[in-house]
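Student: Based on the provided sequences and hints, a complete structural model is requested.
Each chain, written out:
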Amino acid sequence: METHPPYLSEATAVTRSYEQGRIQALRGVDLKVEEGDFIAITGSSGSGKTTLLQMLGGLDSPDSGEIFFRGQALSGMGDLSSFRAQRVGFVFQSFHLLPTLTASENVQVPMVESSISRKERAPRATRLLSEVGLADRTHSRPPELSGGERQRVAIARSLANQPELLLADEPTGNLDRASATMVMELLSRIHRENGMTLVLVTHDPATAAYASRQIHMSDGMVKHPTSETPLSR
Amino acid sequence: MNLLPMVARNFKARRMRTALTLFGIAVGMMAIVALMGLSRGFERGWDQTMNARGTDAVINRAAAGSPIPAPFSEDIAASIRSLPGIESSGGVLSSLVPVGNLPMVLITSWEWSSYIWNHLTIVEGRMPQHPDEQVILLGKSASQALGKGVGETLLLYGSKFPVCGIYESASMIESGAILIPLEVMQHKSDNVGKINFLNLRFDPGTESSKARSICREIETIHPGLSASLASESAQQNSTTKAVRGMTLAVTLLSMIVGLTSVMNTMLMSVFERTMEIGVLRAIGWKASRIRRMILLEASLLGVAGGLLGVLLAFAVREILYLFPSIGSAIRIEIALDAVLFTVVFATIVGAISGLYPAVRASRMKPTVAFRHQ
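Quick mapping for you: the protein sequence lines, in order, are chains A and B. Residue numbers for the first sequence follow the working numbering, beginning at 2 and rising by one. Residue numbers for the second sequence follow the working numbering, beginning at 5 and rising by one.
Among the hints, erroneous ones may be present.
These stretches of chain A come out as covered by chain B in the derived footprint (C-beta under 8 Å, 3 or more residues) [what the hints assert, rightly or not]:
no.: 1; segment: 63-70
no.: 2; segment: 74-86
Beyond 12 Å from chain B on every Cβ pair, some chain A residues (computed) [claimed, not checked]:
no.: 3; residue: Arg-28
no.: 4; residue: Arg-128
no.: 5; residue: Ser-131
no.: 6; residue: Ala-179
no.: 7; residue: Ser-213
None of these hints come from the bench; they were simulated from the model. Glycine included, each C-beta is placed from N, C-alpha and C at the ideal position.
Tutor: Written as structure tokens, this is what we have:
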């Protein structure tokens, strides 16, 4: 019998509750993410999609069940800082850039926890910002950038340490339609050209439509685990 | 990109709070530097005085509670000067009193025939002619501060004293003093037959061990008196002890003010940056790096506060010296060791203040930080 190689990321029977069990965020969720996947997790507010994303990224740990990364249980990794720094990239709805730093410095922030030498950091940040179309904004601070530009800086930051998995939580949630389209085009290009595995959470069908696979969550459970959608763009 | 620019930007982003915190620390540190300088200035002045006179040891009442110890009988002085090993002696009666527009001036009087007079240089006028002549000599600084010259009079102890001369002394304390013949001062201050210091000169070539044993002998014979070598007497002086006590108290106070001020600032900063710290943790910063960042911020506040405090101390000293009444009476000697002590002390206070906020920040879970939003 042929065995499947370890998934890039895998959640098995994951549960998570808050406020002493009063809020059941996840109720036994299973999810398998293969290398090169582009998955959109959809669902209404409180469906547990962000909690699941945080579990996959090692930001939170399950009450029961397990999260694996390339077959290795996150619970056995100890401090997950290195895992988050080296293997996962995060894009947040509110961008979460450091307002006092320039775009270039923001992109360099994760490199501090990598083996990238100090000398290499600035040129690397410039290159990443060029890739997201912000070559001319490297010295701008977040307050001087538009929402779309901030999210593109955040995307450049998420790629700083060449992660294996990119996790995006409502990446277009705070953007107007034009900026949202630009950001999703960018994420799609990164997925397509770099083979980056991408899992994003959204409640916006237009954003979800960019993914090759959609997973719908409701009440802490996966409802439609394998809804395939063609890569439309 | 490393921690230092990030920390610098955080300060810049919260300029007013950073400035107020720095000012709070700096004022405390300034007080420490100034008091240490005052103590050192007094010790130096005292040493100068003893050296200028050629005094080897000083006798005064033990456990004096004021800068000028209580007087004791000249008869005791007579018995001391008859001890073997003592070449000569000179009784001194001093007092600190307000004179003219100056709040505090040292009035000192010396035994008429003693060696103490020898080191003075009269730059104008003359010396008193006999032991009970009711005249005064002014030190050069005192003359300038009081605006009095030879031939003018000064009201002291309810009597008018003509100024018979102006003298120069290598001692800054003496230069700011008024000098009266001992007998005159004893009568005018109701201290007939009394002195409050006895200056001693040992036989030439007396070794310090021998000098110490003479001092011990004097203390044994006269239990109420303290005998100390001139080189150590400044440290035994009650003024020095009082300033040192004040310095210690101000140091402790500054420590408490600095600790609470920096800790408050850092806790506010950590609270305000909950999301920021959560993001740093989320993108892989280790808890130890977050701790280092907060500790670096707190320590830098301490260093900067310490340095600013030193600068303030220099500035305050120069401002104080603009007032003749202060400039002629005190010297604030800011030494390198006091500067280093203050800056290191402020840095340690800053670092300790940052410990709790640093630990709190490093324990922050990203998901909790995101919910804080």
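Student: List in ascending order the numbers of the hints, as given earlier, that are violated by the structure.
Tutor: 1
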